[in-house]
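Novice: In order, the protein sequences belong to chains A and B.
For the first sequence, the working numbering assigns the number 1 to the initial residue and increments by one for each residue that follows.
For the second sequence, the working numbering assigns the number 1 to the initial residue and increments by one for each residue that follows.
It is possible that some hints are incorrect.
Unchecked claim - Below, a list of computed lysine-lysine pairs in the DSBU-like style, where the Cα atoms sit at most 30 Å apart:
{"#": "1", "chain 1": "B", "residue 1": "K83", "chain 2": "A", "residue 2": "K3"}
{"#": "2", "chain 1": "A", "residue 1": "K113", "chain 2": "B", "residue 2": "K11"}
{"#": "3", "chain 1": "B", "residue 1": "K78", "chain 2": "A", "residue 2": "K38"}
{"#": "4", "chain 1": "A", "residue 1": "K70", "chain 2": "A", "residue 2": "K113"}
{"#": "5", "chain 1": "A", "residue 1": "K3", "chain 2": "B", "residue 2": "K62"}
{"#": "6", "chain 1": "A", "residue 1": "K103", "chain 2": "B", "residue 2": "K71"}
{"#": "7", "chain 1": "A", "residue 1": "K103", "chain 2": "B", "residue 2": "K11"}
{"#": "8", "chain 1": "B", "residue 1": "K71", "chain 2": "B", "residue 2": "K11"}
Said to hold, decoys possible - Simulated coverage check for chain B against chain A, where a stretch passes if three residues somewhere in it have a Cβ under 8 Å from a Cβ of chain A:
{"#": "9", "segment": "8–18"}
{"#": "10", "segment": "39–45"}
{"#": "11", "segment": "64–74"}
{"#": "12", "segment": "87–98"}
What the hints assert, rightly or not - Label-pair restraints from in silico Cβ distances:
{"#": "13", "chain 1": "B", "residue 1": "S66", "chain 2": "A", "residue 2": "T20", "range": "24 to 32 Å"}
{"#": "14", "chain 1": "B", "residue 1": "T76", "chain 2": "A", "residue 2": "R63", "range": "36 to 44 Å"}
{"#": "15", "chain 1": "B", "residue 1": "L96", "chain 2": "A", "residue 2": "T72", "range": "29 to 37 Å"}
{"#": "16", "chain 1": "B", "residue 1": "G40", "chain 2": "A", "residue 2": "T20", "range": "16 to 24 Å"}
Worth flagging that the hints you see were computed from the coordinates, not collected in a lab.
All C-beta atoms, glycine included, are put in the ideal place defined by N, C-alpha and C.
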Amino acid sequence: AQKVTQAQTEISVVEKEDVTLDCVYETRDTTYYLFWYKQPPSGELVFLIRRNSFDEQNEISGRYSWNFQKSTSSFNFTITASQVVDSAVYFCALSEAASGTYKYIFGTGTRLKVLA
Amino acid sequence: EAGVAQSPRYKIIEKRQSVAFWCNPISGHATLYWYQQILGQGPKLLIQFQNNGVVDDSQLPKDRFSAERLKGVDSTLKIQPAKLEDSAVYLCASSLAGVLSYEQYFGPGTRLTVT
Chain A
1 AQKVTQAQTE ISVVEKEDVT LDCVYETRDT TYYLFWYKQP PSGELVFLIR RNSFDEQNEI
61 SGRYSWNFQK STSSFNFTIT ASQVVDSAVY FCALSEAASG TYKYIFGTGT RLKVLA
Chain B
1 EAGVAQSPRY KIIEKRQSVA FWCNPISGHA TLYWYQQILG QGPKLLIQFQ NNGVVDDSQL
61 PKDRFSAERL KGVDSTLKIQ PAKLEDSAVY LCASSLAGVL SYEQYFGPGT RLTVT
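Sequences are here, hints too, so could you generate the full structure?
Specialist: Structure representation (structure tokens):
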């Protein structure tokens with residue numbers, strides 16, 4: 001069965017600190033996709049990244065980077081030199097194929113507070 | 001490109017009343033999702049459409065919730081009768097469909113308060 005665990009409920013950092021948000025997943029499929037979304041105080045979820053199970057390369061996009069490790073079923077997200085605008089709730093999500101389509105499940109989210 | 005549109009943005013109703021939410025997905029997106037997000041929790045999928053067919057409604061409380069996507073574009077989610085525990089944000093999202101799993105694009109949500 002699918003499961004996504006974000007054990008960190010809330011993290012507070014001071015601006016310019018680096019912060020890592022953890023995501024651990026469970027799936028029986030060999031083909032699956034992992035996602036990160038950001039939900040700022042305005043409420044609208046914004047897509048950040050998609051990774052498929054066959055691509056374990058880490059990815060960097062500006063101050064954001066993602067570390068995908070199949071051996072530990074983790075897909076962690078690091079923000080370097082955090083800024084106040086990074087304050088939001090971040091969700092990790094997993095989708096796996098089922099009956100000709102993909103089923104999504106979201107984690108419970110990690111609230112990040114970046115203090116000035 | 002226009003994003004996912006939802007209306008209304010806010011709704012306050014009394015328990016046992018009915019309510020309906022509307023969603024217009026991004027043009028060309030065959031897959032449409034309705035989620036319920038209770039405060040402090042992650043989005044919970046209620047129903048997923050591909051074109052105008054239902055592909056997953058396993059978590060939809062069918063005794064009170066219904067949804068339709070006529071013509072494979074707009075969708076409506078209805079609650080009748082509402083309960084206090086239905087207070088939440090109802091999110092609509094859409095995505096491309098195909099052999100890959102694509103990212104979802106979310107609307108601003110409808111915040112429902114049941115009193």
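Novice: Hint by hint, say whether it matches the structure.
Specialist: Against the structure, the hints come out as follows:
1. Proposed proximity of B:K83 and A:K3 is supported: the alpha carbons are some 28 Å apart, at most 30 Å.
2. Simply put, A:K113 and B:K11 have alpha-carbon atoms about 29 Å apart, close enough for the 30 Å limit, and the pair holds.
3. Straight-line distance between C-alpha atoms of B:K78 and A:K38 comes to about 27 Å, which keeps the hinted pair within the 30 Å bound.
4. With a C-alpha separation of about 29 Å, the suggested pairing of A:K70 with A:K113 holds against the 30 Å cut-off.
5. A C-alpha spacing of about 24 Å is found between A:K3 and B:K62, which places the hinted pair at or below 30 Å, so the restraint holds.
6. Proposed proximity of A:K103 and B:K71 is supported: the alpha carbons are some 23 Å apart, at most 30 Å.
7. Only pairs whose Cα atoms come within 30 Å are accepted, and A:K103 paired with B:K11 is accepted, the gap being roughly 29 Å.
8. This hinted pair checks out: B:K71 and B:K11 have alpha carbons roughly 26 Å apart, not beyond 30 Å.
9. Counting residues of the segment 8–18 of chain B whose C-beta sits closer than 8 Å to any C-beta of chain A gives 0, which falls short of three, so the coverage hint is violated.
10. Closer than 8 Å: that is the beta-carbon criterion, and the segment 39–45 of chain B has 5 residues meeting it against chain A, so the requirement of 3 holds.
11. Only residues whose C-beta sits within less than 8 Å of a C-beta in chain A count toward coverage, and the segment 64–74 of chain B has 0 of them, not enough to reach three; the restraint is violated.
12. Counting residues of the segment 87–98 of chain B whose CB lies closer than 8 Å to any CB of chain A gives 4, so the stated coverage by that chain holds, three being the minimum.
13. Taking 24 to 32 Å as the suggested C-beta distance range, the pair B:S66 and A:T20 does not conform, at roughly 42 Å.
14. The given range of 36 to 44 Å is respected by B:T76 and A:R63, whose C-beta atoms sit roughly 40 Å from each other.
15. For B:L96 paired with A:T72, a C-beta distance near 30 Å keeps the hint of 29 to 37 Å intact.
16. Distance hint for B:G40 and A:T20: a CB-CB separation of about 22 Å, consistent with the stated range 16 to 24 Å.
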